[in-house]
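Engineer: The lines below spell out each chain.
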Amino acid sequence: MSHTILITGGACSGKSRFAEELALSHGGPLCYLATAQAYDDEMTERIARHRSRRGGVWQTIEEPLLLPQTLARIDGEHRAILVDCVTIWLSNLLLSCDGTQPETEEYVMANLHRLSATLREMTTPVILVTNEVGMGIVPDNPLARLFRDVAGQSNQLLAAVADELHVVISGIPLQLKGRAS
Amino acid sequence: MSHTILITGGACSGKSRFAEELALSHGGPLCYLATAQAYDDEMTERIARHRSRRGGVWQTIEEPLLLPQTLARIDGEHRAILVDCVTIWLSNLLLSCDGTQPETEEYVMANLHRLSATLREMTTPVILVTNEVGMGIVPDNPLARLFRDVAGQSNQLLAAVADELHVVISGIPLQLKGRAS
Amino acid sequence: MSHTILITGGACSGKSRFAEELALSHGGPLCYLATAQAYDDEMTERIARHRSRRGGVWQTIEEPLLLPQTLARIDGEHRAILVDCVTIWLSNLLLSCDGTQPETEEYVMANLHRLSATLREMTTPVILVTNEVGMGIVPDNPLARLFRDVAGQSNQLLAAVADELHVVISGIPLQLKGRAS
Numbered sequence: 002m003s004h005t006i007l008i009t010g011g012a013c014s015g016k017s018r019f020a021e022e023l024a025l026s027h028g029g030p031l032c033y034l035a036t037a038q039a040y041d042d043e044m045t046e047r048i049a050r051h052r053s054r055r056g057g058v059w060q061t062i063e064e065p066l067l068l069p070q071t072l073a074r075i076d077g078e079h080r081a082i083l084v085d086c087v088t089i090w091l092s093n094l095l096l097s098c099d100g101t102q103p104e105t106e107e108y109v110m111a112n113l114h115r116l117s118a119t120l121r122e123m124t125t126p127v128i129l130v131t132n133e134v135g136m137g138i139v140p141d142n143p144l145a146r147l148f149r150d151v152a153g154q155s156n157q158l159l160a161a162v163a164d165e166l167h168v169v170i171s172g173i174p175l176q177l178k179g180r181a182s
Numbered sequence: 002m003s004h005t006i007l008i009t010g011g012a013c014s015g016k017s018r019f020a021e022e023l024a025l026s027h028g029g030p031l032c033y034l035a036t037a038q039a040y041d042d043e044m045t046e047r048i049a050r051h052r053s054r055r056g057g058v059w060q061t062i063e064e065p066l067l068l069p070q071t072l073a074r075i076d077g078e079h080r081a082i083l084v085d086c087v088t089i090w091l092s093n094l095l096l097s098c099d100g101t102q103p104e105t106e107e108y109v110m111a112n113l114h115r116l117s118a119t120l121r122e123m124t125t126p127v128i129l130v131t132n133e134v135g136m137g138i139v140p141d142n143p144l145a146r147l148f149r150d151v152a153g154q155s156n157q158l159l160a161a162v163a164d165e166l167h168v169v170i171s172g173i174p175l176q177l178k179g180r181a182s
Numbered sequence: 002m003s004h005t006i007l008i009t010g011g012a013c014s015g016k017s018r019f020a021e022e023l024a025l026s027h028g029g030p031l032c033y034l035a036t037a038q039a040y041d042d043e044m045t046e047r048i049a050r051h052r053s054r055r056g057g058v059w060q061t062i063e064e065p066l067l068l069p070q071t072l073a074r075i076d077g078e079h080r081a082i083l084v085d086c087v088t089i090w091l092s093n094l095l096l097s098c099d100g101t102q103p104e105t106e107e108y109v110m111a112n113l114h115r116l117s118a119t120l121r122e123m124t125t126p127v128i129l130v131t132n133e134v135g136m137g138i139v140p141d142n143p144l145a146r147l148f149r150d151v152a153g154q155s156n157q158l159l160a161a162v163a164d165e166l167h168v169v170i171s172g173i174p175l176q177l178k179g180r181a182s
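Sequences listed follow chains W, A and E, in order.
Note that my numbering has the first sequence beginning at 2, numbered continuously upward.
Note that my numbering has the second sequence beginning at 2, numbered continuously upward.
Note that my numbering has the third sequence beginning at 2, numbered continuously upward.
For the record, the hints were derived by calculation from the structure and aren't laboratory data.
Note that the structure is a prediction, hence the values are computed from the model and not measured.
Backbone N, C-alpha and C fix where the C-beta goes; we use that ideal spot for every residue, glycine too.
There's no promise every hint is true.
Which bits of chain W does chain E cover? Going by a derived footprint, with three or more residues having C-beta under 8 Å, they are [as the list claims (entries may be wrong)]:
# : segment
1 : 21 to 33
2 : 41 to 50
3 : 134 to 144
Derived DMTMM-like pairs: lysine to aspartate or glutamate, alpha-carbon spacing no greater than 25 Å straight-line [claimed, not checked]:
#  : chain 1 : residue 1 : chain 2 : residue 2
4  : E       : K178      : A       : E165
5  : W       : K178      : E       : E122
6  : E       : K178      : A       : D99
7  : E       : K178      : E       : D141
8  : E       : K178      : W       : E165
9  : E       : K178      : A       : D42
10 : W       : K178      : E       : E22
11 : W       : K178      : W       : E165
12 : W       : K178      : E       : E165
Partial chain E-side listing against chain W, Cβ under 10 Å, derived [said to hold, decoys possible]:
#  : residue
13 : A49
14 : R52
15 : R55
16 : G57
17 : I138
Excised from the complex, chain W in its bound form (with noise of 0.2 Å):
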């Protein structure tokens, strides 16, 4: 019953676009599901460059934190529904917390689970975005590194649920899952 999409990929690859073409196809109304809080300029402005890219047919609702609850709460709603992105609701709910590191990877690994057996519940269609943070080298600071393994084990839970899976690579798009062969 329920379709799930996941989008990874690096900053800037491109993926929000596609996740947005992706909801579009579904028709209207579509909802965009924003996890990220305009804390400074820098962020004011790079979600009202998002914001501005999409046209009428999208209701926004920002939610920092309650995701699956969120997803719940609004299911059978809308045609679609996007959500941009996974990787800023990680990163939203390791910063609340107060920074003990097996409580805070626990409290994280929870929701996690519980979006997972949400998405395996929801009627409407979600295409979650998320983002691949561990190509680099290892961070020297603990919080970075914390990060990083709960954005794999994130984005390994997440693609296991999903029906699809994409990467999207200089703004091109290469599915790794569920491909219709």
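With chain W held as given, fit chains A and E onto it using these hints.
Structural biologist: Frame of chain W; chains A and E shown alone:
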């Protein structure tokens, strides 16, 4: 008329070697358009190593900043031109600015659009090497973040104008656009 | 005679899990050749987590430095050998040097060529896990840059000798070399 090939990949992934093979398949004379400047011993040594791998069929031109202008000027003089690499050109452009962010980004993007327009007009085939730099942890430093964003946008823009896109991983190329099929 | 499989991917991308599945398809007994040393609690915990996922069919050998020598010594004793991972071995080699750059790089490259030669001679199939570390921003620190270059060259060299190359993204493998077809 024009034929543009974009080759992307991580550091030391075998991009340049693959690009050289593609260029050599055109026969000579060939142009190696180098954007790197030897500002320290590490770089001097790296450039010398790359140069020693190439044979006498190559004319080398070093141009850190005026890439579109140089391409337009030498059009028609070689069987193929290899640009190695776009990422260093972007970095040179960024570093040539005084660092005020909105103007810097605008200046770099204007250069990118000029490159893109030039590539469409070229009669000599152009092979461009670029780098994936957006698959690690978000950098702390704002200039590195700006560079990462600009490099991602550059890759998208050039892949859109290119007839072929290849990503090289562990020395093995994977074609993402323009497959003969 | 020899059969080498190289598996690459980012941090926590599911490389080790995929490598273990490939190894298990050979039947037992299997050798898990671990290159990591538990120098802190984070690492101890990570190693224990990986080990607990593997069952009794595995013999574990820990060898941080003498990888080619160990492979040659145990050749013929198992149905397959899983090396997890090459990147940590390279890091151990680098850290075992006093840090004078040209000699360090020479020493590491000599070890890599020895590994490559050993792999060609093996009768037991060898599955090597490695990491993509060159797709982020250029690191500030010279040792990290050297490591990144060496890791990239290692991936190229091992992929050249390997019969199969797979990249794992979000837990999903993509074969880049040695496809059956």
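Engineer: Tell me the hint numbers this structure goes against, listed in increasing order.
Structural biologist: 1, 2, 5, 6, 7, 9, 13, 14, 15, 16
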